[in-house]
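Number of protein chains: 2
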Amino acid sequence: MNYPTISWTKGCVRIIDQTKLPHKLEYINCRHIQTLWDAIKRLSVRGAPALGVAASFGVLLGLKEFKGQDREAFDKHINKVCDYIATSRPTAVNLFNALRDMKQVLKDHLQASVAVLRELLEKKAFEIYELDRTTCRKMGKYGAALIKNGQTLMTVCNAGALATVDYGTALGVFYSAKESGKKFKVYACETRPLLQGARLTAWELLRAKIDVTLICDNMAATLMKQGKVDAIFAGADRIAANGDAANKIGTYSLAVLAKHHGIPFYIVAPFSTFDLNIPTGKQIPIEERDKSEVLGFGAFQAAPKGVKVYNPAFDVTDHQLIKGIVTEKGVITSPYTKNIQKTFQKGR
Amino acid sequence: MNYPTISWTKGCVRIIDQTKLPHKLEYINCRHIQTLWDAIKRLSVRGAPALGVAASFGVLLGLKEFKGQDREAFDKHINKVCDYIATSRPTAVNLFNALRDMKQVLKDHLQASVAVLRELLEKKAFEIYELDRTTCRKMGKYGAALIKNGQTLMTVCNAGALATVDYGTALGVFYSAKESGKKFKVYACETRPLLQGARLTAWELLRAKIDVTLICDNMAATLMKQGKVDAIFAGADRIAANGDAANKIGTYSLAVLAKHHGIPFYIVAPFSTFDLNIPTGKQIPIEERDKSEVLGFGAFQAAPKGVKVYNPAFDVTDHQLIKGIVTEKGVITSPYTKNIQKTFQKGR
Chain A
1 MNYPTISWTK
11 GCVRIIDQTK
21 LPHKLEYINC
31 RHIQTLWDAI
41 KRLSVRGAPA
51 LGVAASFGVL
61 LGLKEFKGQD
71 REAFDKHINK
81 VCDYIATSRP
91 TAVNLFNALR
101 DMKQVLKDHL
111 QASVAVLREL
121 LEKKAFEIYE
131 LDRTTCRKMG
141 KYGAALIKNG
151 QTLMTVCNAG
161 ALATVDYGTA
171 LGVFYSAKES
181 GKKFKVYACE
191 TRPLLQGARL
201 TAWELLRAKI
211 DVTLICDNMA
221 ATLMKQGKVD
231 AIFAGADRIA
241 ANGDAANKIG
251 TYSLAVLAKH
261 HGIPFYIVAP
271 FSTFDLNIPT
281 GKQIPIEERD
291 KSEVLGFGAF
301 QAAPKGVKVY
311 NPAFDVTDHQ
321 LIKGIVTEKG
331 VITSPYTKNI
341 QKTFQKGR
Chain B
1 MNYPTISWTK
11 GCVRIIDQTK
21 LPHKLEYINC
31 RHIQTLWDAI
41 KRLSVRGAPA
51 LGVAASFGVL
61 LGLKEFKGQD
71 REAFDKHINK
81 VCDYIATSRP
91 TAVNLFNALR
101 DMKQVLKDHL
111 QASVAVLREL
121 LEKKAFEIYE
131 LDRTTCRKMG
141 KYGAALIKNG
151 QTLMTVCNAG
161 ALATVDYGTA
171 LGVFYSAKES
181 GKKFKVYACE
191 TRPLLQGARL
201 TAWELLRAKI
211 DVTLICDNMA
221 ATLMKQGKVD
231 AIFAGADRIA
241 ANGDAANKIG
251 TYSLAVLAKH
261 HGIPFYIVAP
271 FSTFDLNIPT
281 GKQIPIEERD
291 KSEVLGFGAF
301 QAAPKGVKVY
311 NPAFDVTDHQ
321 LIKGIVTEKG
331 VITSPYTKNI
341 QKTFQKGR
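Line by line, the protein sequences give chains A and B.
For the first sequence, position 144 (counting from the first letter as 1) is numbered 144 according to the working numbering, and the numbering increases by one without interruption.
For the second sequence, position 83 (counting from the first letter as 1) is numbered 83 according to the working numbering, and the numbering increases by one without interruption.
There's no promise every hint is true.
Remember, identical chains collapse to one label, so a pair may be satisfied in a single copy or spanning two.
Below, in silico cross-link-like pairs of lysine-lysine (PhoX-like), each with a Cα-Cα straight-line distance of 25 Å or less [what the hints assert, rightly or not]:
1) K323 with K225
2) K182 with K308
3) K20 with K291
4) K225 with K259
5) K291 with K228
6) K183 with K342
7) K308 with K228
8) K305 with K80
Treat the hints as calculated values from the structure; they're not laboratory data.
Because the structure is a prediction, the values reported are computed rather than measured.
Please work from the sequences and hints to get the whole structure.
Structure representation (structure tokens):
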């Protein structure tokens, strides 16, 4: 991608305003932490890995608000900033992991001055940023090895450059496959209610000159039945110790359908998406969003006023339905609990 | 329902314009056959049983255009009218069955005068209309017997009063259950791309004071996983001799998900929906509609221009996934080929 989804430029967090895509490529310059919090809340920036980077840059915005040299007050301020950022969205663990890593800098340097800590925090934030870039490219290579020439693939939501700094998780696999000369087609599920597939994935893949066909979410099954889907690649927002993976609503549905049709279903997610403190997917908090998202889209209102709505933003795919989890250290397969542990020990 | 979806009033076919729902209850008075054809094509009137009634009333509109007493010319004209109506939509067999029944009137009365035939055709059209009303109520009773007090049900698209003359197939089951005093809740899948669930089913069930919650299609699986769905009821547009059932896109997806979660999945459809000339669902023609329906909704455009789209309006649910087909002669269960034959012999 030519434009990073998120970057730190002249003391502000610069993000693509994804609510304007695909019609306009506009940026939001977040100079204050409240602006960034709002942007996260209304999904101007979204995608688990991008939220991790956003959170770490958010701490840098918080730094700007602190005056003085008192270390105790500084730590208190940073912790408050982290707590505030943590309230923006509940499901993507990358956000919490990034905040944990930023707070760890304070713990690791108890004797450091405020001035030194400022530098260390900035360094850590950029590490998280750079780690995303390299991690996505590594996952891309591991995932691309799973794709055979001539296949037709499917994806849901947007696990692309727009969900990371600049390359993507599930879509990074497609980019890497294309870079290695493989030919393939992609079906993008539109991903109601907010249509990230139609708005973002279709936009990204068209720009990357990848053969993409848009479908409504409820059309995936009939394509699978027709034998037109060879593999499915999805991102994740949080993965439990047993491999259960929370991702955008609709992912679980695709995984069940894939199993019924004998189609391999892959999750593509970096280490920062794993939450080993959580034994199974049952413990992952699922964000429920406003009913207006389901009643229509934007100004268009489809449903009658007064109808009740259920609007979970995520669902959990059981590890039994996942053929492999593509990480920056390779593809983890069943038995997940054991193999996730092993990969983490190797990787850290 | 207080208002019939379709009726014959003073020489014109009066239909609710369903493209205006749920925001406005407006009628279209079709005085000419072209007006009716257009209304069918753009889904102002839709739903397999309603299309059967619309087709038979369409023939009455065609009658108005014929002058003279020449029987041969009359037959030619009526056949032309039927052929024209048949081009409006390809999947719902009720439409073709109604036209076949109307043409049969000509065959059964080869010696009758044009004046007599006019009366006979009108009589047949009203028979088809009345048959829909009584049939829906019979199916409702058989279906309601499958519902236990306190259950939560799910449906897709609109198989309600708006898909028939005034009661519904799948939703007729809910109306009958309510009339018999049962308490239950319903999840309505919004049914992209044209959102018949959000626009029509939500509107109907709210009016009928049935506890309805709207979801996006991709949320059905997570509800099933949570144990919140006890049974699924859907309509059908054409059922093959082996029980394979074509219905609105997304139905097959629900049926597969229901099987995975051990939830009974029922089709509710009258005899007029069966096409015993077709051995399996593979031979059912599936209408593909314009890409604009998937790119957004109404004036709202979600996807980038130039993206390819796949937009099948229907899918086929294999009979193995269907727990029972609720008809006006009772609930048909597996083995379907044999039991469908048996029910038809009994019913005719």
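- Task: Determine which of the earlier numbered hints do not hold for this structure and return their numbers in increasing order.
- Result: Hints 6 and 8 contradicted; others consistent.
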